[in-house]
Each structure stands twice: as C-alpha cells, then as structure tokens.
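> Now for the letters of each chain:
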Amino acid sequence: MTSTATAPPSSVERSKDPAGAPVRRPPRRIAFGHRLSRWDLKLSPYLYISPFFILFLVVGLFPIAYTAVISFMDWDLVRNSGTFIGFDQYVYVLTQPKFWIALRNTFSIFLLSSIPQLILAIFIAAMLDQNIRAKTFWRMGVLLPYVMAPVAVALIFSNMFGDKYGLVNTTLADLGIPPIPWHSDAFASHIAIATMVNFRWTGYNTLILLAAMQAIPRDYYEAAAIDGASKFRQFRAITVPSLRPTLIFVIITSTIGGLQIFDEPRMYDQFGTGGADSQWLTITLYLYDIGWGQWNFGRAAALAWILFLIILAIGIVNLLVTQKVVRDEGRRDAGSRRERRAAAASARRRRHDHGEPTLDTQEAAR
Amino acid sequence: MKLSRRTRATAAVAGAASIAIIAAGCSPAASGSEDGEVELTVATFNDFGYTDELLQEYMDENPNVTVVQNTAATSNDARANYFQKLGKKGLADVEAIEVDWLPEVMQYSDLLAEVPSDVSDRWLDWKVDAATDADGRLIGYGTDVGPEGVCYRSDLLAAAGLPTDREEVAALLEGDWAKYFEVGTQYTAATGKAWFDSAGSTYQGMINQVEAAYEDPDSGELIATDNAEVEDVYNTVLDASATQSAHLGQWSDDWFAGVANGAYATMLCPGWMLGVISGNAEGVTGWDVANVFPNGGGNWGGSYLTVPANGANVEEAQKLADWLTAPEQQIKAFVNAGTFPSQNEAYTDEALTGFVNEYFNDAPVGEIFTDRAKAVTVAPFKGEFYFQVNDAMQKALTRVEDGTQDKQASWDQWVSEVDAIG
Chain A
8 MTSTATAPPS SVERSKDPAG APVRRPPRRI AFGHRLSRWD LKLSPYLYIS
58 PFFILFLVVG LFPIAYTAVI SFMDWDLVRN SGTFIGFDQY VYVLTQPKFW
108 IALRNTFSIF LLSSIPQLIL AIFIAAMLDQ NIRAKTFWRM GVLLPYVMAP
158 VAVALIFSNM FGDKYGLVNT TLADLGIPPI PWHSDAFASH IAIATMVNFR
208 WTGYNTLILL AAMQAIPRDY YEAAAIDGAS KFRQFRAITV PSLRPTLIFV
258 IITSTIGGLQ IFDEPRMYDQ FGTGGADSQW LTITLYLYDI GWGQWNFGRA
308 AALAWILFLI ILAIGIVNLL VTQKVVRDEG RRDAGSRRER RAAAASARRR
358 RHDHGEPTLD TQEAAR
Chain B
50 MKLSRRTRAT AAVAGAASIA IIAAGCSPAA SGSEDGEVEL TVATFNDFGY
100 TDELLQEYMD ENPNVTVVQN TAATSNDARA NYFQKLGKKG LADVEAIEVD
150 WLPEVMQYSD LLAEVPSDVS DRWLDWKVDA ATDADGRLIG YGTDVGPEGV
200 CYRSDLLAAA GLPTDREEVA ALLEGDWAKY FEVGTQYTAA TGKAWFDSAG
250 STYQGMINQV EAAYEDPDSG ELIATDNAEV EDVYNTVLDA SATQSAHLGQ
300 WSDDWFAGVA NGAYATMLCP GWMLGVISGN AEGVTGWDVA NVFPNGGGNW
350 GGSYLTVPAN GANVEEAQKL ADWLTAPEQQ IKAFVNAGTF PSQNEAYTDE
400 ALTGFVNEYF NDAPVGEIFT DRAKAVTVAP FKGEFYFQVN DAMQKALTRV
450 EDGTQDKQAS WDQWVSEVDA IG
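Chains A and B, in that order, are what the protein sequence lines are.
The numbering of the first sequence is the working numbering, which starts it at 8 and goes up by one.
The numbering of the second sequence is the working numbering, which starts it at 50 and goes up by one.
If you are wondering where the hints come from, they were derived from the structure by calculation, not from laboratory data.
These figures come from a predicted structure and were not determined experimentally.
Worth double-checking, as some hints may not be accurate.
To be verified - Below 30 Å or equal to it, Euclidean Cα-Cα: the simulated BS3-like pairs (lysine-lysine) are: (1) K171(A) <-> K137(B); (2) K171(A) <-> K456(B); (3) K137(B) <-> K368(B); (4) K456(B) <-> K105(A).
With the hints as constraints, model all of the structure from the sequences given.
See the structure below:
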C-alpha cells in the first residue's frame with residue numbers, strides 16, 4: 008500500500024521539471040520506494056489470497072492434523088486426554104466386518120446415484136439448451152429440489168419407502184406387484200437412498216452442464232447441421248466432447264459427495280444407525296456412530312483418515328479414467344497430447360512459411 | 050436409544066418453544082457477583098414440565114436468584130452437548146440427564162457434585178441405586194420415572210371375545226411372560242391378527258427385569274453372550290413374535306401408522322407412552338390401559354438433574370435442583386407435562402392419584418402408574434457397554450423379525466459383535 012502511495016508523486020515530480028535535468032533526490036528514498044514496489048508486486052498477490060489460506064490452516068488443516076494425532080490414541084473426550092496406542096485403532100477398524108460392509112454400501116449407493124444422475128443431467132441439460140419456451144421457468148424448475156434441505160427430502164422419501172404403509176409399496180400393491188422390503192433388503196435400501204440423492208442433485212448438475220453447453224460456440228452446430236449431422240450426432244460429436252472439463256469437475260465433486268453420503272441414510276429409519284443388518288450403513292454413518300454413539304474418538308479419527316485416503320485414491324483413479332474416457336474438445340483423432348502439440352506447432356510453422364494468416368490474425372480480422 | 054425417540058411426538062412443540070428459550074439462555078454459565086446476586090441456568094430437553102411460572106416461584110422465594118432455562122429439542126442433542134462440555138466449561142449449573150445415557154455419565158461421576166445425603170431418601174430406592182457410583186456417591190436428583198403398564202385396544206380384544214374392562218384385562222394378564230404370550234396365542238388364534246407391536250419393544254420390557262443382563266455388576270466385565278437369562282429372553286420373545294408380533298419396529302413410520310390403525314392389540318406402556326399414543330391416534334376411541342405388567346413391575350425411561358462440580362455456583366445450583374425435585378414441584382411438573390414422579394411422597398398426593406386421562410376412556414392413570422411404580426423391584430445394572438450391547442441386540446431381534454436371518458444366525462452375529470466391543 009505504502010509503495011503505491013509514494014511512487015506516483017515521485018514520477019509526477021520528475022515530469023514537472025522543465026529543464027529535463029534530473030532533480031537530485033535522496034537516492035535512499037527511491038531505492039526504498041523501488042524495493043517496496045518490488046515487494047508489492049511479488050508479495051501482494053499472496054497477501055490478498057492469504058485470508059483463505061489462514062482460515063484454511065485454522066479450520067481445515069489443523070483439525071485434519073489433530074485428527075491424525077487422535078487416531079493413534081485411545082482418546083477420552085470428557086477428560087480430554089488419551090494414551091498413545093499406535094496403529095491399533097486402524098487395525099481394529101480394518102478388521103471389523105462392519106467396515107467392509109459399510110464400504111460396499113457406500114460404493115453401491117455412490118454408483119447407483121452418480122451414474123444415472125450424470126446421464127440424466129446431461130440429457131436434461133441438452134433439452135434445456137434447445138430453443139424452448141419459458142426457459143427460466145424450466146431452469147429454475149430443475150434446481151428446485153436442490154433448494155430443499157437434505158433432511159427434509161430424506162424424511163419425506165423415508166416415509167414414502169415405508170415397508171408396510173409407505174406410498175410406494177401401497178401403490179405397488181394396488182398394481183398387484185408384491186411389496187419391496189425397502190428396509191431389510193440391502194439392494195432395495197440402496198436404491199431408495201440413491202433416489203433421494205438423485206432427486207436432490209440432478210438439477211444442480213444439470214445447471215452446471217447447461218452452463219458449459221452454452222459456452223460451446225454455436226458455429227460448430229451450424230457447420231455440423233450444414234454437413235447434414237443429425238441432432239443426436241451433433242450431441243455425440245460436439246456437445247459431449249466439449250463438456251470434458253466440466254464433466255471432470257462434476258464427476259469429482261459427486262465422487263466426494265457420494266463417498267461422504269450421510270444425511271439420507273441417517274434419516275432413512277428411526278434409529279439412523281444403518282439398519283439391523285447394516286444394510287445401508289455407510290462409512291460416514293459408521294464413523295458418526297463410533298464417534299457420537301460410542302464416544303470412541305480415537306477409533307472414529309482412524310476411520311476418518313481411512314475415508315480420506317479412500318477418497319484421495321478414488322479421486323486420482325477418477326481423474327485418470329475421465330481423462331481417458333472423455334475426449335478432448337473438438338478433437339476427432341486419437342493421439343497423445345504431445346503428438347497434438349507437435350502437430351499444432353508444425354501447422355503454425357507451415358502457415359508462417361507460406362504467409363497464410365495465423366489463427367490470431369484471423370481472429371483479429373473478424 | 051429407544052426412549053429418546055419419544056421426542057418425535059414432542060420434538061416439534063419442544064423445538065418451537067425452545068428456540069426462544071435457547072436464545073435467552075445462550076449466555077455463558079451463570080456467574081455470581083459480590084452482592085449475592087446469582088444467575089442460574091437449568092438445561093433440560095423435551096419437556097420437563099418446568100414452566101416459567103414454576104421457576105418464577107423459586108425466584109420469588111429466593112430474590113437474589115435468577116433462573117434461566119435452556120431447553121434442547123431432543124435427548125440426543127442434550128447428550129452430545131453434555132459430553133462435549135463435561136469437565137470443561139460451558140455446561141449449565143443444573144444439567145438434566147436421561148437414564149439411557151446414565152451409565153455413560155456414571156463413568157465420570159467424579160466430575161459431578163454429590164447429592165446431599167439428607168435428601169437421598171426422597172426417591173424410590175431403585176431410582177437412587179441407579180445413580181449411585183461405586184464409591185457410594187449419589188450424583189443425580191431424580192425427576193421422573195417410567196413405570197410400565199399394558200396398553201390395549203378394547204375394541205380389538207372384544208372382537209376376539211376377550212374381556213375389555215381394564216380390571217378384567219389386568220386380571221387376565223396377571224402373571225409372568227408365559228401368561229402374556231399365552232393370552233396372545235388365544236388372541237391370534239381367534240382373530241389372526243398381531244398381539245403386540247414388535248419383538249424389540251417386548252424384549253426391552255423383559256430384559257429390564259434381569260438384574261445383571263450384559264455386564265457383571267462387580268467387575269464390569271461383559272457377560273452378555275454367556276448369560277443364560279439373556280438367551281432365554283431372546284428365545285422366548287422370538288418364539289412368540291413368530292406368530293404374535295406385528296413386526297413393526299418401534300418408532301418407525303409403520304409403527305406410528307400401526308398405533309392408529311389397530312395393527313396390534315397390546316403394547317408395553319410406560320406413563321409417558323400415553324401421550325405418544327393419544328398424539329398419534331387421534332380419534333381412535335379403543336385405547337385403554339390396564340394396571341398390570343407381566344412378571345411384576347418394569348421401568349422404561351426417566352431422568353435426573355445433575356450439578357457439574359466445576360460450575361460457578363455449585364451450592365446455589367444444588368439448592369435449586371433440590372427444590373425442583375421435591376415432591377410438590379414434581380407433581381406440578383407432572384400436571385404440566387406428564388412426567389411421572391420418582392418421589393415416594395408424591396404417590397400419596399391427591400393431585401397425582403386422582404389424575405384421570407380422558408383419551409384412555411377416563412382411566413385413573415395417576416393411580417395405575419403409582420401402583421406400577423411401586424411394583425418395580427429390580428434396578429438392572431447398566432454399565433459402560435450397556436448401550437452398545439443392547440443396541441446390537443435390538444438389531445439382532447429386528448433381523449429375525451424382518452426375515453433377514455434365522456434365530457440362530459442372528460444370535461451368532463450378535464455374539465461376534467459383542468465380542469468386538471471394548
């Protein structure tokens with residue numbers, strides 16, 4: 008701040024000198040001002056973003072580290088003390104059958120929610136991207152479930168999925184279909200919970216994908232239409248490849264969210280402990296039960312770290328897979344990034360040699 | 050766990066009421082000043098029946114004291130708050146606790162102020178025993194208890210050709226559990242319908258009559274899986290439930306629907322359950338309550354007031370807790386909120402014994418539950434692991450009831466789960 012305040016007067020002073028002869032000023036001050044403005048240039052950006060990182064340090068990094076410390080202890084919450092016991096808590100968690108069931112359930116619910124959700128979101132976004140009447144109405148409409156509190160959604164859906172007197176089963180009975188044991192069959196309970204997640208998050212992802220779709224230059228579609236490509240072909244060859252960066256974002260956020268799923272399974276029955284046979288016990292639900300049901304924070308901390316490592320691993324796998332599966336924007340041929348870069352460079356060189364207009368000048372001419 | 054779910058019925062009301070109170074009560078723990086002015090905070094949950102008028106009475110008697118009540122919506126919220134702050138700062142001067150998590154509190158009894166010995170004969174013996182630690186220190190001022198009777202649908206019993214008058218029903222069910230299930234067999238044979246709501250809630254009534262079910266009272270060691278009494282109760286209730294249970298897990302949405310639509314004829318019924326029934330089965334006229342409980346007496350639920358030892362005004366807080374749990378005040382609380390007194394003297398008071406419940410066809414519930422409270426003889430030992438073991442057991446019973454596993458497989462899984470505890 009100081010440097011920007013002192014620097015301008017000195018330059019004004021200099022320009023005021025009519026003879027053009029340099030005015031003698033204490034060189035120290037110039038040097039200091041210089042130094043300040045150099046610091047300003049180098050340090051200010053960090054200063055401006057520092058509030059986030061300081062806050063993150065206090066409320067993010069410190070708890071994470073402290074959790075790691077507690078995870079190696081037999082911790083007494085009330086007396087605020089613990090004894091160091093090494094990896095015992097990790098060993099305990101990993102040898103519990105419940106942990107592996109919880110892991111299975113978490114992934115099952117995650118896949119059952121994320122995959123249909125993304126497919127549906129892309130489809131709805133593509134519909135909303137067309138010229139339809141009352142655009143804002145439809146767009147707000149898909150976001151409406153997202154506005155509802157997850158617990159409220161879970162309460163309503165749990166009631167609908169009641170085993171004996173729930174709306175879904177009574178409707179099925181009216182149609183002559185035998186009732187589905189929503190609370191005793193593991194897979195049925197996963198579907199019910201995934202339904203809640205999909206209800207809430209499809210609209211959110213739709214809007215993000217819609218924003219990405221609208222950023223795709225319309226020229227592509229015009230060109231494709233002139234070439235005789237059908238709507239579906241346009242969607243497959245232009246829309247989906249162009250969504251790549253957004254899809255990576257959406258997939259990673261829904262992975263993190265999916266692996267941390269808590270509200271819906273917690274509210275799914277009256278106890279919130281994942282069912283009599285752990286049918287819908289998820290990792291976070293298990294963690295909560297260990298921490299706040301049994302007050303065993305050492306064990307809960309160990310489980311929290313295991314979950315963190317799992318999410319990290321899945322995140323990396325996710326990134327690699329998405330990069331492979333979803334093709335880059337507008338690119339039709341296969342080939343590595345390096346090949347592409349080399350091809351682009353040689354193309355530039357060719358244009359330059361032949362005096363053809365480069366991409367930049369084309370852009371400027373338009 | 051189970052008891053805390055009674056909050057469902059009252060949570061909405063309590064929640065709405067508590068927002069205003071919490072807003073006022075959030076100030077840091079009370080502080081004394083030099084001129085003797087003291088502000089005391091009382092933290093309760095659900096509805097303890099401590100109205101503003103009742104607290105004002107105390108303030109009128111003690112002009113130097115201001116009492117502020119801070120009400121949590123559910124017992125679970127109160128439990129989380131209690132253990133996060135116990136031994137540190139931030140708890141109220143007087144904190145209410147529930148018997149469900151009393152065993153956990155007892156592990157930290159040294160952090161709580163002792164109840165003066167001159168008032169300890171105020172309560173029922175078993176109420177005092179449960180809150181007395183190994184060193185003989187009583188740390189809880191008893192408020193209410195949940196003596197259990199049997200609630201029944203007189204219209205459904207009539208359809209099965211059974212007596213409907215509450216005295217005749219009491220005579221019919223008088224006896225042990227075998228008698229209760231025998232009448233159940235008669236009922237299901239006559240109607241083809243369910244006799245009781247679920248194996249889990251019936252088990253709860255039975256296991257609360259076993260003195261040392263899961264842990265050894267002397268050593269605190271887990272004995273649950275080798276305890277023949279537990280296995281016996283488990284087998285008895287599941288054999289009966291195969292034909293007599295409606296298989297509606299207590300507090301589930303289906304169970305609430307069943308309260309209203311007559312899915313079962315009887316259920317075990319602590320005093321506070323009456324409010325749950327009348328609140329969820331409005332317009333149903335058949336519900337009644339009989340002065341009987343299989344195999345003697347049983348208790349389900351109830352609360353205490355505790356005074357954290359590191360509070361700013363321990364002495365004043367003890368005086369307030371003493372006053373609030375005196376028979377006169379507890380009877381007022383009962384009239385306000387239906388919290389049935391745990392104080393011996395209250396049971397002879399006309400205000401209590403003359404109390405009649407209109408919804409249950411004018412049943413003299415004050416008199417009935419006074420008898421039921423006196424019938425309770427056993428204070429089951431509940432140690433450090435009671436909560437977890439019992440929770441696993443409830444799940445084991447549910448697995449059999451919903452057909453996920455057979456009786457033996459479910460028992461084996463429970464055994465392996467209990468072995469992993471600790």
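> Check the structure against each numbered hint from earlier and tell me which ones fail, lowest number first.
1
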